[in-house]
Amino acid sequence: MNANLNLLIGLAMGLNLLALGTSRLPALIRAMSAQGVILGVIPVLLGHDLDWRVALIALATLAGKGVVIPSLLRRAMRTAQIDRELDPLIGFVPSLLLGAGGAIAALALVPLLPLLPEHANTLLVPGALATVLTGFILLIGRTKAISQVCGYLILENGIYLFGLLLIKAMPLLVEAGVLLDLTVGVFIIGIIVDRIQRAFDSLDTRKLTALRE
Amino acid sequence: MTGPLLVLAVLLFGTAVVVGQHWPRPWLVLTLAACLASIGAALSVFAAAVGWEWKSHILLGGESLHLRLDGVSALFMVLAAVVGGAGAVYSCEYWSDRHYPESAPRGRSWWSALVLSMVLVLIVSNGLHFLMAWEAFAICGYFLITLENQKPAVRSAGWLYLASSHAGTVCLFGFFTLLAVKTGTWDLGPLREHASLSPLFWLALAGFGMKAGIFPLHIWLPSAHANAPSHVSAILSAVAIKMGVYGIVRFSGWLPMPASAGWVVIGLGATSALLGVAFTLAQNDFKRLLAYCSVENIGIILVGLGAALLARSHGDAPWGRLALAGALLHVWNHGAFKALLFFGAGSVLHATGTREMSRLGGLWRTMPWTAGLFALGSVAVTGLPPLNGFVSEWILYLGLFDAVTDKQAAAWAALPVIILLAMSGALALVAFTKAGSMIFLGAARTKPAAQAHECGLWMRAPMLLLASLCIVLGLAPIFVWPAISRAADAWSLTWAGQTAPAPLLTLGWVHLGLAALIIAAAALLWKKARSRPIRRAPTWDCGYAAPTAKMQYSSGSFANLATAWFFWILRPSRTWRRPHGSFPAEALLLDRVPETVLEQAVLPLAARIMQVSSAVRRLQHGRLSAYILYVVAGLAGLAVLVLLESAS
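For the protein sequence lines, the chains are Z and A, in the order given. Residue numbering for the first sequence follows this note's numbering, beginning at 1 and increasing consecutively. Residue numbering for the second sequence follows this note's numbering, beginning at 214 and increasing consecutively.
Hints are computed from structural coordinates only; laboratory data are not their basis. Just so you know, even glycine gets a beta-carbon here, dropped at the ideal spot from N, CA and C. One or more of the hints may lead you astray.
From the structure, some residues in chain Z lie toward chain A, with a derived Cβ separation under 7 Å [what the hints assert, rightly or not]: (1) Val41; (2) Val44; (3) Ile82; (4) Phe136.
Residues of chain Z clear of chain A, computed beta-carbon distances all greater than 12 Å [as the list claims (entries may be wrong)]: (5) Asn2; (6) Thr22; (7) Arg24; (8) Ala60; (9) Pro88; (10) Val93; (11) Pro114; (12) Val132; (13) Ile137; (14) Leu138; (15) Ile140; (16) Gly141; (17) Thr143; (18) Ala145; (19) Gln148.
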């Protein structure tokens, strides 16, 4: 069972690198949605009794992260008529190196953390750390609002992975609540993206600094 | 009796604040009545054996009201009420509706509010309420200083006052809060047995010292006194800075003292006295001169207090009581003559429109009353007999002499301090000779000075009142001794029940004799001068064909001999264009004495802080991604900290 889990998390970490290395927004959105699908499958695999609630959450995660949010983002992308991140603040190769370094550091860090024995030999914690870091790198290093939305979503995926550690203590409903918040957030960002596009004819968030005071 | 009088005073002051906006005469009556009621309350405390105290269950800001009026606070209340009343009368002519239609109503209301808030500072006995009253007092002072707020110099003086006042208040916030934390209550009172409270005295000294204008903390004082209207300068100098002294006296009496407190206070006092008088000498603006003279006098008061603290740590030696009595009497004396001098300065300013001594001269002809009263104030402030300044300084010297003959460790402080005080007294004499002669003697240097006019009765009456107080306190000091000794007893109970020192009685008689001699000599001179006609002729001008009135001693040249000793601290800047050739066209010599502490220490430091702050401000630029980077860096830093913690 652990082997399957580790395989999936390893896949998610690979998708992190893909998200960091690509300049094309459709590829970024694809990586993000694929990661969402993988994460949706994981709770089913964790070996609990497969009651209807878990199934429902898995289904909702799959639908939300895998279908609804990506399609929303694609539509925003089409409306704004951009499909490339042109001048990132952190270049693609440095981002890749940072992400890879972060993943290695996360793996090295795990033995230092006071974890439960059943979590110690899974990739859950390093995967979560690496994913959170990837989200942060995207947020810091990209200038287009859509890339930053993807960064937020990948960050959320990392937090979701952490949440799986607590799956026995924390009912999935809480996770569902997080997901709901996120969906609302994405809607709002979608609207903002639309407004930015109309007001400034660009999605470059660097042009928003005049609002700082 | 005390309670009802105080309530009456507070109510009258409160009404005066409202009335002052529209009706000048009823305002004057109300303010004077309130001042009389406050004086009555203070006198009833002096007459009673113990202080007045009142605790109620009325809550204000979550704390129950606790009022107290004992010897120490009553002493300061008399001062506040006398100067408050005199200034109110003075302002009727000096800052009248006719001359200042826009600011005069404001000035009246703030005046009553200022005196009221000072009375409240003196009677509240709860840390929280003290802070409230203190803040109200500081703000009233600010609005009075900036009455002429259309002038940039006045505004900047006001800001400086407000900023330094609040720097002091920050210390007081720390002081009262820590006091409340350590004692478990905001109530104030004698706490001498809590030995752990003693370090708090340093906070109180810094906070109250800022208001009192102790030497390195006096930065706000000269510009505020010079730019405020003269009646405001008078109450600032005579009463407001004494509130700082009140705070130091009050809490040095109530709290246990650190062992070094006496040494520090006496050292600060001697420094303030000497350097204050050095700056007094160097000023060309007569109101600034008076302001620096206040720094000197605060120094003298602190020397007395420091000696008392030293005496207390040396087993309550009796000379400490003498020094303290001298200091407390000097509080009254300085209040009387400094208010008189500022009123006189206001009268000159009113008549000529300039504060530059080098533009005045010869005013005694046109302003004989002001000249005479200013001269009387100068004699008092320089501590010459037979006026009041001499009495308090004499008692203080007696205490210090006794400390020297006591041959204890305190003698090592007392001996140099006596020398420093004597020096500063002599230099004060030079400074006031300069001021008096520049303003009133010689010939008028400019046209406004030649066209000056004497002030009216409303301005003269309060000056006459204060001058007569100076004379009475000088000739009959024995009459005020009960009040002073009551205050000294309230400060330290172990000294209670002692009689007046014998020298005081002798001094009174000597002063009376001296005064009689002076009057006789003056009458003789007057008679002699009247018996022969006065022959007037121009001064011999060394053969120069075209002398002008400007060819007289300037205030800078007069004091140069003495100020040269203090160049190391005064740091005057000199612009000099020497005359050249046989027929020189034009030459120039400009001397400027800076506010050394402010311009060479505080402002550079402030500029440095601003530099660092604006460098830090660059972190806030509005780029979202960098903000996220800050969050990540912060989190990573915390994680490293946690890991290091668990590793060790």
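Now for the hints, and whether the structure bears them out:
Interface hint status for Val41 of chain Z: violated, as the beta-carbon distance to the closest one in chain A is roughly 29 Å, over 7 Å. Nearest Cβ of chain A to the Cβ of Val44 of chain Z: about 31 Å, over the 7 Å cut. The hint is violated. Hint on Ile82 of chain Z is violated. Least Cβ distance to chain A is approximately 18 Å, over the 7 Å limit. Restraint check, Phe136 of chain Z versus chain A: the minimum CB separation of about 5 Å is within 7 Å; hint holds.
Chain A leaves Asn2 of chain Z outside its interface by the beta-carbon criterion, the shortest separation being 26 Å against a cut-off of 12 Å. Even its closest Cβ contact with chain A, about 18 Å, leaves Thr22 of chain Z beyond 12 Å, as expected for a residue assigned away from the interface. With a least CB separation of 20 Å from chain A, Arg24 of chain Z remains clear of the 12 Å interface cut-off, as annotated. With a least CB separation of 28 Å from chain A, Ala60 of chain Z remains clear of the 12 Å interface cut-off, as annotated.
The Cβ of Pro88 of chain Z does not lie farther than 12 Å from every Cβ of chain A; its closest approach is about 10 Å, which violates its non-interface assignment. Consistency note on Val93 of chain Z: stated as away from chain A, and its beta-carbon is indeed over 12 Å from all of that chain's, at 18 Å minimum. Listed as a non-interface residue, Pro114 of chain Z fails to keep its Cβ farther than 12 Å from every Cβ of chain A; the least gap is roughly 8 Å. The claim that Val132 of chain Z lies off the interface is violated: its Cβ sits roughly 9 Å from the closest Cβ of chain A, which falls inside the 12 Å cut-off.
At roughly 9 Å, the least C-beta separation between Ile137 of chain Z and chain A is not larger than 12 Å, which violates its mark as non-interface. Taking the minimum C-beta to C-beta distance to chain A, about 10 Å, the non-interface status of Leu138 of chain Z is violated against the 12 Å cut. With a cut of 12 Å on Cβ distances, Ile140 of chain Z falls inside the contact zone with chain A, its closest approach being about 5 Å. Separation of Gly141 of chain Z from chain A is inadequate, the least Cβ-Cβ distance of about 7 Å not exceeding the 12 Å criterion.
Chain A draws Thr143 of chain Z into its interface by the beta-carbon criterion, the shortest separation being 8 Å against a cut-off of 12 Å. At roughly 10 Å, the least C-beta separation between Ala145 of chain Z and chain A is not larger than 12 Å, which violates its mark as non-interface. Its closest Cβ contact with chain A, about 8 Å, brings Gln148 of chain Z to no more than 12 Å, contrary to its assignment away from the interface.
Against the hints set out earlier in the document, violations occur for numbers 1, 2, 3, 9, 11, 12, 13, 14, 15, 16, 17, 18, 19.
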